[in-house]
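Using the sequences provided together with the hints, build the complete structure.
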Amino acid sequence: MRPLFAGVVWWFIGLVWAGAVQATPYLPASDNQVLERLRTRPADPAARELRALRNRLAQKPRDLQLATGLAKRYIEQGRLEADPRYNGYAQAALAPWWNAPHPQPPVLVLRATLRQSNHDFDGAVADLEQARKVAPADPQVWVTLALVRQVRGEYAEAKRDCLPLLHLSTELVAITCLGSVASLNGQAAESFALLERVLARSSTASAAEKLWAQTVLAEMAVRLRHPGLAAPLFKRALATGPDSYLLAAYADFLLDENRPQEAIALLKDHTRVDALLLRLAIAEAAVGAPEAANHRQALAARFAAARLRGDTVHRREEARFALELERQPAQALALALANWQVQREPADARVLLAAALAAQDREAARPVQAWLRRNHLEDARLAALDRQLGR
Amino acid sequence: MKRFVLLFLWAIALVGIVPALPATAHKPSDSYLSMNIERAHIGGQWDIALRDLDYGIGLDDNDDGAITWGELRARRRAIEAYALSRLQVRADGKACPLQPVNLLVDNHTDGTYAVLRFAGNCPRPVTAVELKYQLFFDLDPQHRGLLNLRTGGQTQTAIFSPAQASQRLTLTSHPIAQFLDFVREGVWHIWLGYDHILFLLTLLLPAVLTRKGGHWQGASSLRQIFANVLKVVTAFTLAHSLTLSLATLGVVQLPSRLVESAIAISVVFAALNNLYPLVQRRRWLIAFCFGLIHGFGFAGVLADLGLPRAALLLALVGFNLGVEAGQMAIVAAFLPVAFVLRDSWLYRRLTFAGGSALIAAIACIWFAERLFDFKVLAF
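Order-wise, the sequence lines are chains C and A.
Quick note, the working numbering runs 892 ahead of the 1-based positions in the first sequence.
Quick note, the working numbering runs 912 ahead of the 1-based positions in the second sequence.
When the alpha-carbon atoms are kept at most 25 Å apart in a straight line, the in silico DMTMM-like pairs for lysine to aspartate or glutamate are as follows:
#, chain 1, residue 1, chain 2, residue 2
1, C, Lys952, A, Asp966
2, C, Lys964, A, Asp966
3, C, Lys1051, C, Glu1237
Calculated from the structure, these hints are not laboratory results.
Now the structure itself:
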C-alpha cells in the first residue's frame, strides 16, 4: 500500500513540477535520436584549444599564467557566443585565488569582470581599486574601472579613471573611454565630433578597438537624434564584427525608427540570447508576425528560469518585456525601479520612465528625472519621456 | 549587457557568429532537483543539462558535436555514479542512501536534460533533512542546484551554491494536509486490515436474522436490524477509539504480539458464537470487549507511521476518523445485500453458517501464526 500511495503522490508531484518548468520527461524512441547539439563541436579549433588548456591546468592548477590565460579565453568565448556558462568555467579556473583577499592584479581584473557580469558592481570596483594600487600602469584595470563606473552612472569618477589611458593606451581607447562618459554628462555634441575625428585617424587600431569606438559613436548619434549619421555607423560597426551588444543597440535604433522588418531580419538567427530575442519579439509583435507569440512564451519561460535560480541580472530586459510585450506596466515599473538601484545607463532610465508613464505613476519617475537633469544627460528619447511626464 | 562592452578590448579574433540553432537560450548552468519525502521514503528526480554532463564526464563519444540517446544510455551508470555521489541526504543525523531508478530525458529552456530518477530510504521517518549538494561546483562555481522538496502537501524550495552547499530543511507539512494524510491512512488500514473487517462482518452477519426456537430466521423488522447494526458498530468504535487513544498517548502499552494474537482470538470467538450462540442479545458487548483489543492494534499502526510530536492529537483524530469512514463504507456495502438475501438459503446456510465456519478456521490459523511467529496465509 505504501509504495502504491507514494507512487500516486509522486506522479502528481511530477505533474506539478513538470508544469512549473514546462516539461514532461520522456524516453527517446531510438538510440540514434539526437538529444543535444553542442554549440562548439569538440573538433573546432577553439574548442580543442580550450580543452587542451583545461587539461594542462588540471595538471598544474596553481599555475597563475595558465589559469588567467584560460579564464580570459573562456570569458572571450562566452562573449562571442553570449553564453554565461563560460563565466562559470572561467571562475573555476581561478578557483585557487577566487576567495583570496589580495590576489595578483591579473586575477583581480578577471574577478572584477566576472563580478560585474553578475551585477556585483561593488565587488568589482573593490577589486579594481585594489588592482589600480598594485598595477597602476595596466590599462586594462583603468578601462574596466571606468566602464563599471559609467554603468553605475558615476560619471565624474568614470572620467577620472579614463584619463590615465591617455598615456597608458592608444589615443582611440582613451578618447572612446572619455567621450563615452562625457557624452552622457553634458558634452554630447563635442564628444561625438572628437571621437569621430580620432577614429578617422586611427586606421591602424585593432578591430576590437575600432568596434568599440564605432559602437559608442553610433549610440551617441542615436542620443543626439541623428538617424542619418547613426545608421551608417551601425552598419560599419557590424561589418567590423557583429557583437551581441551591438546587435541589441542597432535593433533598438531600428525599432525606434519604426523599421521592425529590418530588426527582424537582423535578429532572426540570434534567438539564443535573451536580450536579442526580446527585441526580436517586440519587432514581431509590431508587424503582427506569427512567431511573436512563441517568442514571447519562450522569453517568459527564460525569465521564470532565471528567477528560479535567484538571478536579478535580467531586470532591465524583464521590465521591458513586462512593459512592451506583456502590457503589465505596474510590474514593469517595479522591476525598473529595482534595476535602477543597481545600474544607471540611459536604457535603464528609459524603461523606468516609460513604465512610470504607462502605469500613471509620475511620482515614481521624479527621482530619475531629477538625476537626468543633474547629470545633464542628453538623450532625445529620454527628453521626450521627461516632457510627457512633466515636472 | 555590460559584459559585452567590458570585454571589447579582449576580443582578439572576431570570428563569425555561431550558426543558427534551435531556439534554446543561453543561460547559466542549473540543475532541477525535486524530492518527495513520505515518512522514511525518499523519491526524487534530478534534471541535469546534457551539456553540463558532457563538460563534466564526456557524453559525445564519437566527437561529432551531437549527443544521441544511445551515447547517453551507454553512460548511464557513469552519470548515476557521478551525480548521486555529489548529493548526500541525511535525516536526523543518519545517512539515507540513494539508489538510481531510471533515466529519461526532458527539454528545458536552454536545451535537453538527463532526468535521473532515484529513491532512498532513511532509517526513521524524516522530520528534518540535511542535504549536501556538490554537483559541478568544481567545474562551474556559478552552477546552481534548484531544489523543490515536497512533503505532506507542502513544498519548500532551496538554491544550492558553492557558498551554500549544505542546507538543512525542516519538514513541516501543512496541518490540514497532515490531518488528511492520517485520515487516508486510517481508511487504508481498515480496508487492508482483514482481521478488523472479518471481526466486524462476523458480528454483523446475524444482524439481519433473529433466532427462534434454536433456528435462525430472517428478521422482519427493519428497525430491529438497524438497532442491531448501530449497537455493534457504535460499541466497536467506542472501544477501539478508547484504547487507541490511551495507547497513542502512552497511558497503556501492550506487546504487539499479544495484541495481534488476541485480535485473532476475537475473530474466532465471534465466528463460533454465530455457529454455537453463547451471546445472542448482547452482541454489542462482544464488539465492545474485543474492540478494546483492536484499538491496541490500530495504535501499533499509528506508531509505525511516525507520529508528529507536535500534532499528536491531530494525527489521532485524523486516523480514527479514517478508520470510522472505512468501517462505515464496509457496513454500507454489506447491509443492503444481507438485507435482501436474509431469507434465502444462500444467506442463511452458505454465507452465515458456511462463512462463519470459514472465518473461524482462518482466524485460528492467524492465531497460531501470530503466537508462534510463522507464516501460512498470504494475508
